[in-house]
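Enquirer: Each chain is listed here by its residues.
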Amino acid sequence: MSLCTELVLDITYHQVKAPLFLVAQDLTLFCICVNVQSQPASLAAEDISTNSNGPKQDSLFDDDPEDLFAEATEEVSLDSPERDVLLSDGPSPAITPITPPTSVITPRIGHTHDDMFTHSSFDEIEEEEGGDSFDIHISVSDPEKVGEYMTSMSLFKRSEFAVKRRFSDFLGLHSKLASKYLHIGYIVPPAPEKSIVGMTKVKVGKEDQSSNEFVEKRRSALERYLMRTVKHPILLKDPDVLQFLESSELPRAVSTQALSSAGLLRMVNKAADAVNKMTIKMNESDAWFEEKQQHFENLDVQLRKLHTSVESLVCHRKELSVNTAQFAKSAAMLGNSEDHTALSRALSQLAEVEEKIDQLHQDQANADFYLFSELLGDYVRLLTAVKGVFDHRMKTWQKWQDSQMLLQKKREAEAKLQFTNKPDKLQQAKDEIKELEGKVQQGERDFEQISKTIRKEVSRFEKERVKDFKTIIIKYLESLVQTQQQLIKYWEAFLPEAKAIS
Amino acid sequence: MMQEGLDDGPDFLSEEDRGSTLPNFKQNEFSVVRQHEEFIWLHDSFVENEEYAGYIIPPAPPRPDFDASREKLQKLGEGEGSMTKEEFTKMKQELEAEYLAIFKKTVAMHEVFLCRVAAHPVLRKDLNFHVFLEYNQDLSVRGKNKKEKLEDFFKNVVKSADGVLVAGVKDVDDFFEHEKTFLLEYHNRVKDASAKSDRMIRSHKNAADDINRIASSLYTLGTQDSTDLCKFFLKVSELFEKTRKIEARIAADEDLKLADLLKYYLRESQAAKDLLYRRSRALVDYENANKALDKARAKNRDVLQAETSQQLCCHKFEKISESAKQELIDFKTRRVAAFRKNLVELAELELKHAKGNLQLLQGCLGILKGNT
Numbered sequence: 001m002s003l004c005t006e007l008v009l010d011i012t013y014h015q016v017k018a019p020l021f022l023v024a025q026d027l028t029l030f031c032i033c034v035n036v037q038s039q040p041a042s043l044a045a046e047d048i049s050t051n052s053n054g055p056k057q058d059s060l061f062d063d064d065p066e067d068l069f070a071e072a073t074e075e076v077s078l079d080s081p082e083r084d085v086l087l088s089d090g091p092s093p094a095i096t097p098i099t100p101p102t103s104v105i106t107p108r109i110g111h112t113h114d115d116m117f118t119h120s121s122f123d124e125i126e127e128e129e130g131g132d133s134f135d136i137h138i139s140v141s142d143p144e145k146v147g148e149y150m151t152s153m154s155l156f157k158r159s160e161f162a163v164k165r166r167f168s169d170f171l172g173l174h175s176k177l178a179s180k181y182l183h184i185g186y187i188v189p190p191a192p193e194k195s196i197v198g199m200t201k202v203k204v205g206k207e208d209q210s211s212n213e214f215v216e217k218r219r220s221a222l223e224r225y226l227m228r229t230v231k232h233p234i235l236l237k238d239p240d241v242l243q244f245l246e247s248s249e250l251p252r253a254v255s256t257q258a259l260s261s262a263g264l265l266r267m268v269n270k271a272a273d274a275v276n277k278m279t280i281k282m283n284e285s286d287a288w289f290e291e292k293q294q295h296f297e298n299l300d301v302q303l304r305k306l307h308t309s310v311e312s313l314v315c316h317r318k319e320l321s322v323n324t325a326q327f328a329k330s331a332a333m334l335g336n337s338e339d340h341t342a343l344s345r346a347l348s349q350l351a352e353v354e355e356k357i358d359q360l361h362q363d364q365a366n367a368d369f370y371l372f373s374e375l376l377g378d379y380v381r382l383l384t385a386v387k388g389v390f391d392h393r394m395k396t397w398q399k400w401q402d403s404q405m406l407l408q409k410k411r412e413a414e415a416k417l418q419f420t421n422k423p424d425k426l427q428q429a430k431d432e433i434k435e436l437e438g439k440v441q442q443g444e445r446d447f448e449q450i451s452k453t454i455r456k457e458v459s460r461f462e463k464e465r466v467k468d469f470k471t472i473i474i475k476y477l478e479s480l481v482q483t484q485q486q487l488i489k490y491w492e493a494f495l496p497e498a499k500a501i502s
Numbered sequence: 001m002m003q004e005g006l007d008d009g010p011d012f013l014s015e016e017d018r019g020s021t022l023p024n025f026k027q028n029e030f031s032v033v034r035q036h037e038e039f040i041w042l043h044d045s046f047v048e049n050e051e052y053a054g055y056i057i058p059p060a061p062p063r064p065d066f067d068a069s070r071e072k073l074q075k076l077g078e079g080e081g082s083m084t085k086e087e088f089t090k091m092k093q094e095l096e097a098e099y100l101a102i103f104k105k106t107v108a109m110h111e112v113f114l115c116r117v118a119a120h121p122v123l124r125k126d127l128n129f130h131v132f133l134e135y136n137q138d139l140s141v142r143g144k145n146k147k148e149k150l151e152d153f154f155k156n157v158v159k160s161a162d163g164v165l166v167a168g169v170k171d172v173d174d175f176f177e178h179e180k181t182f183l184l185e186y187h188n189r190v191k192d193a194s195a196k197s198d199r200m201i202r203s204h205k206n207a208a209d210d211i212n213r214i215a216s217s218l219y220t221l222g223t224q225d226s227t228d229l230c231k232f233f234l235k236v237s238e239l240f241e242k243t244r245k246i247e248a249r250i251a252a253d254e255d256l257k258l259a260d261l262l263k264y265y266l267r268e269s270q271a272a273k274d275l276l277y278r279r280s281r282a283l284v285d286y287e288n289a290n291k292a293l294d295k296a297r298a299k300n301r302d303v304l305q306a307e308t309s310q311q312l313c314c315h316k317f318e319k320i321s322e323s324a325k326q327e328l329i330d331f332k333t334r335r336v337a338a339f340r341k342n343l344v345e346l347a348e349l350e351l352k353h354a355k356g357n358l359q360l361l362q363g364c365l366g367i368l369k370g371n372t
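Chains Y and H are the protein sequences, given in the same order.
Going by UniProt numbering, the first residue of the first sequence is number 1, and it counts up by one from there.
Going by UniProt numbering, the first residue of the second sequence is number 1, and it counts up by one from there.
Just so you know, the hints here were simulated from the structure itself, not pulled from any lab data.
By construction, the Cβ of each residue, glycine as well, lies at the ideal position given by its N, Cα and C atoms.
Among the clues, some could well be false.
Stated by the list, open to error - Label pairs and their in silico Cβ distance ranges:
(1) Arg-345/Y / Lys-295/H: 48 to 54 Å
(2) Ser-210/Y / Arg-249/H: 32 to 38 Å
(3) Val-380/Y / Gln-270/H: 51 to 57 Å
Said to hold, decoys possible - Which residues of chain Y face chain H? A few of them, derived with a C-beta cut under 10 Å, are:
(4) Thr-308
(5) Ser-321
(6) Asp-339
(7) His-361
(8) Thr-483
(9) Leu-495
(10) Lys-499
Extracted from the complex, chain H is given alone in its bound form (with noise of 0.2 Å):
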């Protein structure tokens, strides 16, 4: 469930049901009041835990976008002298089902996180997560200030820095050096067919509202024509009205499919190259440990220091690895997966749409041919 925040977007209202698998909960059925700022704190503490450093962290929930539908919503107060009243009130109507649109997918979308989360072995035991679902008050999570964000931005740069450094090292490891490749390739390339689809629906859209239009046009002329047009006109109007209905839905449907599909890998694709960056760093790290504690052996200086610390960094590294191969594997089952249960449902959508289409569009024939 969702409702309008004040000003910074929806509030999550998250209903669970818990009790079989996460035992150790307080209650079985609970629900509380979330601020998308709130996801932004959890996925970040899982990003800053030390002990996640193996895994892919599901990746955070993108913000609430609502500028774009704000933005029609003032256009159409600016224009609503221009347009007949029942223009008016389509074009409000198809709005407010627009904004309904981006609601359902934006607590979708949050929604996938949390169940990411609670699908993941280690992850749903966080403790945050619990604090997170279970504590019934504001977690009182401020957005980060102004020095926070410029530490953040910060730290992003030295962050690609070093993983431009780090990537590269060559991997002695076959399947972590295909991996590597595998994912700086994908990563773009699925950034790239977001951005296309993105375009695509939206002329698909425009075009749409084109055909909106058209039929109120149409439906203004059916009705001051004195001829025999009168009665086509006011049929072929009706047609518009309803084929364009589809093509909104078309618009819709390829939105939820693809787009967000691909939207959703590319922060995967993301997350999984941070985990790669993380053990290639600790690859570094170990490496860069080796040399010291030869030279602390060749000095025979702080030798046992050396070797603690050597040791820590092969068993974090070697930590790293093993449940990054894992969490990489099923990485690619659940790209898979989703992908083919998205593409099967975009080509039966379409295909539904288009015999809908087809049917309105032969009825309408069927009629004009028969009174002509």
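One chain only, chain Y, in its complex shape (with noise of 0.2 Å):
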């Protein structure tokens, strides 16, 4: 039975001063708060899925009753610490991205600027005294299909809630997962990685902006990460997953320094490795995989290139905006020098522009970060776990070959043992035969049923990744717009000023 959900994810966090004894411990929690709520099913229609678009060869398994999500929209709650309004209003927009782009913040605490990137959650790290926690809103909502769907959403037994999670719970989170699923052939979404030197910023309480940014840039990341893993229809029912968004304790993730999901990633790339350097040489029965392991070759390929331009981006961007900003205080004690009064007031003029266009430059800086480089540098990642599940199946072929092989092997042993008078040997060897005939048979069918679940997530995979694509550049360019849209305020502001030296 297909389920219309609506789940809504929101990651706040609370940050504490440790005391220096207690600097080993990573005490930033993160708050996840559970949000049930209904929606009319019209909405639903509005999904921006590529379901309407109809994909390709990869639509063979969007008809299966198992995929959740066929067709959920998924609804960001950005603000409001009132989340509760949102159980009774009705309508609110459908269309998300996986990373909510109203969730970038400024890191300048206070600064009101408006439209575009103002994040409720930063306000409540102000207000909100206590521990270093993140806040998790996961709002789960159920469209109502009248006599199509379901209409209760029976995993989670109760419809508002929240929890608190460490970072390395996150990474606890993932470790299991990618142990359960990752060699059947899910793409499990990779967590985001540890820092060393960001994090110790943290715990040694320094506060700065860079360290702001670092929480902040921590906590965008989860936010993703979580959403990605709940969106999978597989991965939701988990039980692990159901546990980490629901239980108001966690049992403390042990040594994720051997599981976190970059070692876990490593782990994985050295398998992909030693695969390789076997000559397997698989006889590749279905062109179809081959096709999808080059195309996911290529697109790594161009997807770090294009990452690398956009860091740069930001990069320079930023640098732009500190050095508009020095520009302007420059302007201004020019202005205060210059003895001609219509001039001096033109160019005080001038300094107050480009003040407000360095701001301009930083709030792009964040947007050319936390929507385009993210959306790349997530996606390069998740290549890797793609990457990683097509290595599975080649393992999971050779191994089936190997029970075959030594079936074989075994075969022929009996056959001469037929000829000897060894009664008990025989015997032995036929119990053998017996059992590795099963092995084979069960490495067939692992075979079969991880090429099959690969077919099924790379489809899956492949629409994601048009929808996140396409949403996000959109939203990023809005956020150009919107900046052309200032720049042009303010010259116009400034024209007058200009013309009136006499």
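Dock chain to chain to rebuild the complex, using the hints, since each chain is given by itself in its own frame.
Expert: Printed below as a string of structure tokens:
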């Protein structure tokens, strides 16, 4: 049975200053709030998933009844600590990308820059006292499609709840999911990477712009990670995921150092390399897999290249902001020393315009990063997971082949034993053969299963990819539009001042 | 017109019609070829001429600087292997455009210098200026050799030290006292603003370059993708190609209207400071001559000599003071006019480009959203 669900996910965080002896622990706590709400069914139709576009050969599994989110729309609730309002309200905007763009915040505390990048969670940080925690607000809602789908989402015990989680908890969740699902062909979204430098600053309680930025990056990354995970129909039903979202106390994830997602991916990569080095000349009966692998290989290369360029843009845009601010100050000084009154005033106005523009550049740099750059970074990491499942399939095939070869050998040995007078050994051989036959059958089933799973997963992945890129790039372009509109406003205000110089 | 000289940079071909304004030329229209060094020679001849001590000498045009572009060209050559043919061609075209832009700018600055001289009531009559404009052979102005450069260096050291001493002398005249204070501060602040504007513009250029690379990557992605995204990427790539051209233009216009303006007034304010220095020097000389005259009278020895000397100093000082006052007033007028013109043009260009960008972005968004 299919369920129409709306999962609204929002993560905020609280920071605390750690006494030095506790530095070893990561005290940042993430608070996850889950909210179940109802939505009229009409919204589901506005879903921008590519179902409506009818994707080509990968559409085989669209109608799979197990695909919970076939018609799902996601919504991100951004601001409002008054999340209860969402419960009673009617339609809310249905379109959401994986990365909620409005959850981008300007690291400058207290700055009121409207429209684009307000996020109340930052205000919440200042209001709330106490622990370092991330709040995840997940709204699970249920568009009613009477008669077609079940209307209640029975996965969650309550409709609205909040939990606090540490960064290591997220890593722990990922390692569990990876160990359970990667080897059978599911593309498990990778968790954000640990960063020693950034984390140390936060632990030592260094309260400055760069450490704030670091925590915000992390918060945003965790939100996207969790969203991707819960959007996966199979993963959402996993008991570990449900426990992660719901239970008030989680057993502390142990030895996440060994099982960090980065570490895990490295292991996957090593396995991939090992597989490649073994001359597995897999008889690829299905050209589809070879084609897809090549496709993902190319995509990986290009995305990495693009990512590098975008990172460079972020860097230069930030530089531009800083340099513009410095120029503004300098222009103000020049205006002060200019002894022609009207010119002096105009120069001061120029300084003001440039100051506003520097803030504009800063905001644009944030959009460059949180929308564009992080999208690319996420997909580069996702592709590693994708490549991993293909490699697992090869390993599964190899295992099957090994069993088959072993069976062959045992049969030959048994045939030889027929002509000797060793009934015990003969029986043993027959037993072993029976066991091996079972193994070979299992191997074949496993291989077929993983192949089937991968086909489904890839289809889903590609659909998500198209949706993500379209949504986020459009949001990014909209941010560029806003910047230009602001620029026009500022320069239009300045022009008469310049003309007034006499 | 400008042609690339072999080693020392461009040669300047000046075509001028001076018939109406400068009657003592032999022909009405003529053209000569001049190198940068010859401009410097002309400027220095003004500076060294005692007759012109009371004028703001138009600042010499800066040396053409193609180093940055040459460096980029070299890097491009080295990196040829690592980029696609399209990328390479694109970057080469941009580099050529950049080169051309610097070229044009340099010509403009040399032109400004000549126009300033031609507009000055006294300097335009200078003989060297006429020779510069008319003599259609090489002026055989050699660059300064090491010894002369060293001499210049020491001269400057002495001058700055002297300038500090002289600046300490408080002027009786309010006008000049105010100008001195004003120019000192103004010069420093223009210097700072000029440096900061350069940095800002360079960041802008860097960002435009990044957008260029992004456009290329998106194009490749678009051609490779098998999903709906291929058209999407191609459209966005096309958009960024266009917007980055605009961003590059913005940086170029800011350079012309803002950075160059500040650089020019950095040089002019220095020239004005030099004038004030010369006047203060003359004042000190005058005061010293007075003291010498008093001494001579007291001793009743060489009185006539002292009197003549004192009169000369007085005359020199008064001549400089008179013309200096007018020069400084003109300087202010010119400065205000130049800033007004450039700031207005800057704002207009910024607006034009922002609107252009906005149109491109909205157009593309319309198409992308329509297809989604």
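Enquirer: Checking against the hints above, which ones are violated?
Expert: Structure breaks no hint.
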